[in-house]
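Visitor: Just so you know, the sequences run in chain order A and B. Under my numbering, the letters of the first sequence match residues 1 to 419, in that order. Under my numbering, the letters of the second sequence match residues 1 to 295, in that order.
Just so you know, the hints here were simulated from the structure itself, not pulled from any lab data. Glycine included, every Cβ here is placed at the ideal spot set by N, Cα and C. Keep in mind that the hints are not guaranteed to be accurate.
Not the full set, but computed from the structure, chain B residues with beta-carbon under 8 Å of chain A [as the list claims (entries may be wrong)]: (1) A213; (2) Q214; (3) L233.
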Amino acid sequence: MAAEDRFGLGWRGPLAAGILTTLEQLDCLELIAEQYAHLPSEQQRALRYLSKHIPISLHGVSLGLAGSTPPAAARIEKLARLGDELQAETLSEHLAFVRAAPIEGGAPIEIGHLAAPPRNCASVERACEQLQAVQRICDRPLLVENIPSLITPLGSHLTEGQWLSRILQQSAAPFLLDLENLYANALNRGENPTERLLELPLEQVHTIHLSGGTWVDIAWQQTNQRRFLDDHRQDVPTAVFALLTTVATHAPQNLTVIIERDGNYPAMDHLLAQLSQAKAAVARGRAQARLITSSVLKHTGGDARASKVIFQRLPSDIIFQPADNTSVQKLAPLDTSNAADNKRIEYLLAQLFCDAKLQHLFIQNPLALLAHANLGHLAEDLNTMDWAGLLLMARSVAAKNRPSNNGQDKTGEINEHAF
Amino acid sequence: MFPFNLAGPHFLIFYTALGLALIVLNWQYLRRHTKPSGADHTKAFFNAPYSLAFLNRGADHCLSICAFNLIDRGLMTANAADRVSSQALHTKQVSHPLEHALIQYAATNTKALFAAKRDNKVKAALNAIHTTLCDDGLLTRRTFFPAIKLISLGILGLVTAIKIAVALSHGHNNIQLLILLAIIFLLVLIFIPAPRLTADGEDTLSLMRGLLAQLQGRMQELKPGGFTQEASLAAALFGLGGLSREHFPYLGLITPPVAVSSAASSDSGSSSSCSSCSSSDSSSCGGGGCGGCGS
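Put together the whole structure using the sequences plus the hints.
Guide: Written out as structure tokens, the structure reads:
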């Protein structure tokens, strides 16, 4: 492990006693900004007190940095103010959209859930602009996080890896890599998570989120489909620890690893055991990196230049290759003028996630609804639409917005507790 | 006008006003006396459920949290209401002096849990916790008797004595009401309670409640084994009643006989902690400032 690799937990009220009794074993905590903002003053004061004893980072879930509907300045200012109050080390937000307004103007729909925007150059530009806007207001480093995505949004010309890499490289923002999100997305698309991981600019990873998910059955056209839902209610899967080892092998910088748990809370000993597994996974990665380095140096007689060449020739599953931008560049020149389309797509998706009737209509006659939304030219994208994923996303949105959610789920609080 | 020349009813009004003013003055002083020191005590309680229980509700609560912790770890058995037993060999598995003392106390045969505070070793362990809390400025010392009380008692006694002398010298014998008022005011002044918790103590509990507030809803989910430390810390603050009797069926057997609500802990908690003192302590507590069985 690098000397400064750190391991901590996401602060959740129900875990409070466990966290306090084992605080010495934690290096840091992460607090959900929206939850903190809506706590009674006594609880806020207590958390400010806690922040004097352990480094705390503030994690936002309601800005929607990659959406076409920009977050209000007041929301950003509030995040900055909360960061100051807690003396947060860092702030973080998701590369997602959480609200969508009609193109003609009007009140946006608050989805209450993180949703993937169309992955194209327009949304890359948009995300980078909004990141800059937030960073102008917030004095603290702003980390950006990848999200779980049950569908590939309409209008996407870039893969998730390409899209994330472009934003990260263009904005130079530190990366909050959620390995569980990456893992879930890869599983649901039938892809190899390690390959997807190695597409990302791992040298920009600052913090890593680990959590668990559940396989969910969905009935779609008389078949039973299974999707992996990142619900933060289960243990971190072994495969995700393996991904952590891969990151630790390829990212030499200090890493902060946070385990998130949002329900079905186990005893603290169990969470600490998960944290130990994370430490072991990082240690394995660091050891692997050292082994590779020493072996390469030995091979080259300590010639740093020659070592670099050999490093670059190693296969990608052994050593990290910088994100393959050439594949991005080889694509047809991407046009950033489709910002209006993005706005229409996000509004349509928001409606589909939140309105069961419209969802039904869309499933019955998607072309008609696309045409109605002035998105008829995206008909081809329907060929790759994951309908079961869409249904699960809508179900997840409904569950998170249900009043009985009672703060069990961090993103479920967006609507009720947004800044 | 010289107050001692006032006629009976007018003097009684003056005397009542004086008595009330002195009581208010003392009350305010006692409150002000415990201004927050700014010292950071709270972190020490993150992993100290017994100290937290003592601070919150006194010695009985501390004992029941300790018993709960030991039972959950399989080191003690609750046999019947207020009856526990253990085995001496379990002392090797504990490190806290109170756990050690309580296991030893219950090791020979089944014992009454809340009578444990009369056992020398248990009492010493409880006193050590109490002394630490007092030394840290979180609990008011039992011996706390500020000079302002003496001065107030002196003023009231002197005024009463002079007026009685003046009245008798003028041949007035109707001084019964004055004497009655004097007794009432003197008793109130003597026993006006210093808050059991100092401002620092209250602040510590407030911070702990703030940190653990959202755990209250989850206390029913805590199960035996594994959750011991979490459950102990939560119960120290919110009481054993918050835990599930389904998961911990013995809770009723180890709950202090007089339950004191958490909300009332800062002041009325003193009575429960006083009741935990030895008999001589109890009589000297007078309902305030004891804070436990410090001797």
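Visitor: Hints first: check each against the structure and report whether it holds.
Guide: Hint by hint, here is what the structure shows:
| no. | hint | verdict |
| --- | --- | --- |
| 1 | A213 | holds (5 Å) |
| 2 | Q214 | holds (2 Å) |
| 3 | L233 | holds (4 Å) |
Violation of the numbered hints given earlier is absent; every hint is satisfied by the structure.
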